[in-house]
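Asker: This is what each chain is made of:
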Amino acid sequence: MTVFTKTAVATLVAGMATTAAAEEIKVGIALPYSGVYASLGNDIEAGFRLGIETFGAETQDTFSIVTEDTEAKPPVGLAKVRKLVLQDEADVIVGIVSSGVLGAIRDFVDGAEVPLIVANAGNDEATGEDCSAYITRLSFSNSQVNRPMGQYLYDQGVRKVFTLAPDYAAGQQQIGAFTAAFEAAGGEIVGQEFTPFQQTQDFGPYLTNARASGADAVYVFYAGGEAISFVKQYDSFGLKADLPLYGSGFLTSPLYVNAEGPAAEGVITSGFYVPTIDNPENASFVAAFQAANDRLPSEYAVAGYDAAHALVQASAGGANDRAALADALRNVSFAGPRGETSIDPATNNIVQPIYVYESVAAADGTGMTQKVVAQLDREQDPANGCTLAN
Amino acid sequence: MDIGFWLIQTLNALQLSMLLFLLSVGLTVIFGLMHFVNLAHGALYAFGAYVAATVSASLGYWPALVLAPIAVAAIGFVLYATLIRSMRKSGPMAQVLVTFGLIFALLDLTRILWGDLALGMQLPQLLSGRVTLGGLGYPVYRLFIIALGAAVFVTLALVLGRTQIGAMIRAGVDNDEMAACLGINVERLFFAVFCVGCALAGLAGVVAAPILSVTPDMGLQILIPTLIVIVIGGLGSLKGAITGSLIYGFVTTFGAVFLPGLASILIYALLALVLVVRPTGLFPARG
Amino acid sequence: MFHHTPLRLITLAALLIGLFAATLTAGYFGLEILAEIMVLAMLVIALDLVAGFGGMVSLAHGALLGFGAYAYAMMTGSLGWSAAPAMVAAILATGAVSWVVGAICAGSHGIYFIMVTLAFGQMAYSFAFESPYFGGDDGLGGITRPDLSAIGVDLNDSMSFALYALVCLIVAYLFAARVLQSGLGRALVGVRENEQRMRALGQITWRTKAHAFGLSGLITGLAGVVSAQHVMFISPGLMSWTVSGEALVVVILGGLGTLVGPIVGAVAFVLIKHEVSAITAYWHLVVGVILIAVVMSRANGIFGFVETQLAKRKKAPVPEAKPAPLPKGETRDA
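Top to bottom, those sequences are chains R, D and V.
Per the numbering used here, the first sequence runs over residues 10 to 399.
Per the numbering used here, the second sequence runs over residues 413 to 699.
Per the numbering used here, the third sequence runs over residues 842 to 1175.
The set of hints was computed from the structure by calculation and includes no laboratory data.
Treat the hints with care, since some could be wrong.
[Stated by the list, open to error] Covered stretches of chain R, going by a simulated chain V footprint (3 or more residues, C-beta under 8 Å): (1) 37–48; (2) 74–88; (3) 107–113; (4) 290–296.
Nothing here was measured: the structure is a model prediction, and the numbers come from that model.
We put the CB at the ideal spot given by N, CA and C, even for glycine.
Isolated chain R, as found in the complex (with noise of 0.2 Å):
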């Protein structure tokens, strides 16, 4: 046949099932583009776009994106998400920052069979309870980043810890991961309180409270504004000299950090990713993202970035439509900026090693930087619920 004719029959055989030849795999694109969570929105893309630029050429297959704007509510999400899927036939979504927006299409992406890379949302049940063979998640779960950090805490001799958190699903799970590891690691939680999500503007108070408490260490999960606003007030307080300050990693993350200043200053958390980790994906990747955004990677960078590699390898591996894409994705694993990555099949949730460290200020007076005190082990979440090792 002319080189025409078979590239004409190629074409019309890539519409229909998998073939040896390039295929094109549409990506849908749901994430938050207005609204408080508009930068992690941006953020996650930009690690997406880049890595589908670095990791490309791994694969013959080529990629188009189409993006939509879930606004992280769930009935908006749900309907972008249905479009991508049925209007604009999307072989894979890839996104989600908001865990209301993951609960709403959770049912919809199941039923419909469409693989789903999760890029953010955090909550436990994801890949727990509510667990489906077409949902990966690059990203994290809630308990998974505060797990570690309770033998962590005991270990440099903290006995007894006062919790904070927003008083929201997220936040309970994440001081709950933390709660249950510290007591079984023999500690003591003298304090727990929860805030009003989002309506909360003075720490003062709970501030107050954990000072009056007795405890050794103050340990919190906040995220976005709330972290700067609780930073800077646990700074204004001095408590930092006798009471010291850990959290998971959203508390310090290098998004928002700077504007926390030095505030931030030896507060020590946890978390899946820095721009500073010490091994030669990151460095690649950093120099590329700063290159691209005029800005650092932060981890919700590097959660686009890894979705688009795990894309990438699926596809290498023969997989373009959404069925081989679904099952490939739940086995993918790669050396990359976090270190050794890859899917439980069990609960089709990220492992990935665990970061302890402490926000100080960069050598060169361009703001905050992170040093990282510890690499923890590779962090796998129990099934918590989720049949599909079965």
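Since chain R is already given, all that's left is putting chains D and V on it; use the hints.
Answerer: Just chains D and V now, with coordinates in the frame of chain R:
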């Protein structure tokens, strides 16, 4: 818990009250005088915080403290001339809607001008220390907020109570048509009051920025507490604003101490209770 | 007094036919948008009933919508009821709660009324947010749609669901029209015009207001149930005051006190929102500016504007869309 603990919690409550007072006093005087509900007041506060963060990054805190309120007053000037003047005589619903639209517009304008990432603002060197009270350290900056709020209250009380301008304003609040008959240039008075109200919102923004976070939705977040304060206190009066602020500050703070789980519902229940018992708030300007 | 003028009837017919035609021809996403429009239209009809005809600007209607959605979800989920009784029960419950809210708020006027409805709305929101029993802030899934297989309709199909939502919208509209044409409806308009005089005439005005709120609550409950069935997921965000705010925006956009205006407004708002957000992430700005322009133009929204223009041509009075100008010295609520 010892005396130090209670003292600190009281100061926490006072500090929150004063911050809300700065915000609510502008809004309540505008309503009392012009019968204009400005829901966009929160957005103006956010704008003040953003301007302050930008200015202080290059010039420091004190210039920001002066320039941000002026900048917001300038915005108020523009808003009054274009929108507010013509909407003044419309009913509350039209005003709610116009200012609601303004909230949307200003929110995205803030995002366009400053991006989506949060900004930070540093405390001035002078105010970044701590005092020891009852054996515990308390931030000097929070005492500064309390002092500033008290100073604004005293100044406004003196102006409203002892000066001719104050008398004219009070006359305007009581009966603007009669005041106009008496030769008071009510239109110009309203204009001035509106701009001052906006300046106070900007001042609240500067003051809050170092201890809170400067994010695009900060205006929306502070709006409901401000509205609660002025409605509980009673619209249009200085006494109402300070009472409402103190009630909100103390209920929220000590609610957090005693009943952390119920804290968020508590204040709304209080609002509903006050409005059912006293439908126009505790100390409204016009009975 | 609410009349079905020729213009209103024609517009209503055009809208319904248009929605019906769109349902038959739209793609998947189009059907999603249509269902969204219809739920919003129902909510705004309910709001028009109390705000446009009753002069009571409510910021609680979002929470009432959420209440209906949650009630349906709880009854089908935790209590295991089947869809039909759950729908009826949820609608009635929402109506009852609305009646209570209306009764409590009846003593407030103007901005205070707005604030006290806001307070109730936020209390409901905080409550739903905090309690794990209702799924907390992560929400609850697994809500089922009614099983209409007996008449050969599968509501899990998007087009059938959109048609079902359209039927509900028509029911809601007819119900609202019926209420407005009844004695209660006329009393309601009277209370809006001048509460003191109505009281002087022997009307127990707080009851009128409460009844109006309750009936509006029934429609809101229906909207909430359909919304829950549409998304098959509930979360506290449904109850936020911004939902009520959006409803107000829509009713103003469409035309207050016309009952047909809300439907126009819902179509316009959803379409504008989707078109604009496809172009820019800053659609709040566009919506804000449009809203300001509409309010400042003094026109009563799109439909109200058309009505007034036509009436001017014919030199005929517009049937009670806007309150009559007040004699000197008397104050107005809304």
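Asker: Is the listed coverage of the stretch 74–88 of chain R by chain V valid when you require three or more residues with a beta carbon under 8 Å from a beta carbon of that chain?
Answerer: holds (count 6)
Asker: For the stretch 290–296 of chain R, do three or more residues have a beta carbon lying closer than 8 Å to a beta carbon of chain V?
Answerer: It is violated: at least three residues are needed, and the stretch 290–296 of chain R offers just 0 whose Cβ sits closer than 8 Å to chain V.
Asker: At least three residues with a C-beta closer than 8 Å to a C-beta of chain V: is that true for the stretch 37–48 of chain R?
Answerer: Result for this restraint: holds, n = 3.
Asker: Do three or more residues of the stretch 107–113 of chain R come closer than 8 Å to chain V, measuring C-beta to C-beta?
Answerer: This one holds; 4 residues, not fewer than the three required, reach chain V with a Cβ under 8 Å.
When held up to the earlier numbered hints, the structure conflicts with hint 4 and nothing else.
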